[in-house]
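Undergrad: Both chains are sitting in their own frames, so use the hints and assemble them into the complex.
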Amino acid sequence: MTVVPDVLCVEQLSKSFGALRAVDDVSLRITRGQVVGLIGASGSGKTTLLRCMTGLERHDAGYVSIEGKPFGRVSVGGVDRQQTRKEMDALRPKLGLVFQQLNLWPHLTAIENIIRPQVVVLKRSREEATAKAVQLLTTLGLSAKSSEYPYALSGGQRQRVAIARALAMDPALMLFDEPTSALDPELVGEVVALLRDLAAMGMTMVIVTHEMGFATKVSDRIVAMNAGKIIFDGKTRGADLASNRPLAGSHYT
Amino acid sequence: MSKFDPWLIVEYAPHLALGAWRTIYIVVAAFLLGYAFGIVLALLSFLPGRLPRTLLTIYSVCLRSIPFIIALFIIYYGLPFFGVRLPTIYVAIVSLAVYKSAYYAEAIRGAIVALPRGQFESARAVGMSPAQAFRHVIAPQILRGLIPPSTNLTLMLIKESSVLSSIAVAELTYQGLIMQGNTYAALEVFTAVSAVYWALCSMTAWLAHRLEARSNAPQAAAIQRNRIAARYLSFERVGK
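Chains as they are written, first to last, in our numbering: chain V, 1 to 253; chain W, 1 to 240.
Be aware that a few hints might be false.
To be verified - Derived contacts from chain W toward chain V, CB cut-off under 10 angstroms, selection only:
1) 118
2) 122
3) 124
4) 130
5) 213
Stated by the list, open to error - For each label pair, taking beta carbons as the anchor points, the in silico distance ranges come out as:
6) 48(W) / 29(V): 30 to 36 angstroms
7) 17(V) / 114(W): 22 to 28 angstroms
8) 28(W) / 68(V): 54 to 60 angstroms
9) 58(V) / 202(W): 32 to 38 angstroms
10) 83(V) / 135(W): 22 to 28 angstroms
11) 154(V) / 48(W): 33 to 39 angstroms
No wet-lab data here; the hints were simulated from the structure. Using N, Cα and C, we set each Cβ at its ideal position, and we do this for glycine too.
Next up, chain W with everything else stripped away, as it sits in the complex (with noise of 0.2 angstroms):
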């Protein structure tokens, strides 16, 4: 067996880059396109009658209890059936997001659904359509609890998204197995890319903290002013 060889990893770095760049391009546009489709879907379970919600169940349930590599492979292989050809890394997109749109749409339902229904309520007792209640009233109150389930959910569709070198899109794992093709120093390739993907997943998730720090500020400025809350109720003090 050959020496653990670090000078590899300076070589390949260019090709590590290529990769994290290619899958940060992917994470990124898979979690909009997600999190948006997350949220549309959420919204419509609220309609009125059982069907809205029960279909939404339906797609969750679906989709959640296949591997991500199986629901690649049927959106992949399956979507040529029907006469769509597009990029591959468009299928990547596409198929991460609709993946994780399921998660999201769930979190993001149960966010509501934890809100008192008061809320809703009252802000259609003075004449707020459903639209304007959730645009002044739910979103602004659920933005900060969903933060933390999101940026889970965010995690793990970094990761996953490892599962796309296995349709040929050049990302970091990918770009790995091609270095570990050429030079079969495996466990040099694969520490450097865990080293990125975990840098990736840090990031993220410092990003998160400092979102949930600032969601929080007004409230915990409110607060601190209060001497009476202040006396009774012990706060964190979320710094600026």
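One chain only, chain V, in its complex shape (with noise of 0.2 angstroms):
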């Protein structure tokens, strides 16, 4: 029998800026289809945990990989290593980021921000990455949006678009960085039904938020995390919340 690596495998990873150990020998595996919520206070180190994951900071200790692939540091013969920008980057695409503040590229259109990452990084034609950009849009209802500036769409759609790039990567798995906080409150109910959906399809997600009652709509896994550890794993569906009682104390009752 062939072992399926996990989508993504973080083991004993530490990170720490000056005195301040943001991220303590956390380990974390993710397998195919999971939708992980990551919760925690601000300062918890979750954010934190992502950067690392996803490349942008360097860890101090431990190794990232994703589908058994290392990323980041690597161990050879016992000694560390920090792989080379370019091993890295091969593997960049594979997790596909949603950032907090979305980051959409303002002097392209809502489409040329899907086409153009296909096209410079995985070297697809421009009618191919074009196909893939028009199909994702109108999937997540925004066909209509395609050819407009980021400013002229609303935050929804902006987010939608932001969803569409990484999308378009063909990740293994999706990443989002507290995808409520920069919505309007009344949209949150979209986005549950939107990360649903994307559950739906199959994808892998991890979900980065503070809001503990979002995190157990969308999410089939709680990971917390406080002081840099993770001081809750378990179920949401089907298992009872309240039985969790780890998390009493902390402020996510």
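TA: Right under this line is the structure:
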């Protein structure tokens, strides 16, 4: 029997900023199709963990691997080595990151935001990339807005463009950093529906949030962090959350 | 005191034209060279670690703290010490380019720093290399904002090129000094020289203005297409 590697595997990852240990010896495995809600108060280390997992930040110790391939640091004969930029860049499209601030490129239209990285990074032809972008924008209900520049779009529409941009790279894993924070409260329902749709398509996802209610609505597994450590890791679907009392004592009750 | 004699200028017009041409040649070459140098310096300053940034600061503080004429003398009289003998006009171009590159580099660096960091990060996150991120995401966004400061610096460059007369480069000011020596008609001569500098600077400013209007056009058109944006934001109409 062949062993299917985990989509994402984090082993004993640590990251300090000066004296502050932002992420402290964290290990985490995410298997295909899982939707993980990564929660914690601000300063708990969840965003730092996300930035280390996506290679935006260099961690001090530990390993990350994506579908079994090492990402960031590798251990060769017991000696740790930082991967070269090219080694890391080759794996980056596998991680579809949706930033808290979205970071759409304002000088490009919505559809061009989705086409450009496919052409530049994956070397797809313009036709192929355009077809993919049109298909994604249609799926996300944005086909009428494809030739608009980002500032002409609403917050929710921008977010969907950012999601489409990440999805176009055929990622193994989608990561969302605080997907509800930049939106009006009434749009949260829309995001929940969208994330559930993605989950129904079988997309593996990590959703970083500090809103417990939102996290339980969209994810089937909750990982809670405090002071750089994982303090809770468990299923939500079917499980009675109230019985998972390790969380009591923090303010997520 | 003799009378103001405009005919003198007509008589010496070929000299003025020659000087103007030489000035244009030097300014264009120094601009291209200096700007290219400025881009390279600005990008190098973003290499990891504190050292690259510090080196750029030292470079620009040193150059910006001395008058151009002194920098020119150092390069002009200094190069032969190192066995480098170049035609004077190349020394002139290189000196201007090096001197201005410090200013251009700081302007370019400032424009990049002013962009939200997330722009670079989102380009890197999809797998673009730093060079690709610069080419597709950073450069197109800073270009528009760079036009006004670059224009100012280039207008200064045009005027600073007059200093080259002190190492006998036969540009506009030098021709003016010769004309003055021949005619003793300083007022007529330098009025004419001023007029030529004014024309050069106006043309440069006009070109820059056109460039800026053109770079605004696509987004302005998109805004006008959007009724809500048009209602809430009052954007200056950019004519074609």
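Undergrad: Hint by hint, where does the structure go against what was stated? Just the numbers, ascending.
TA: 5, 9
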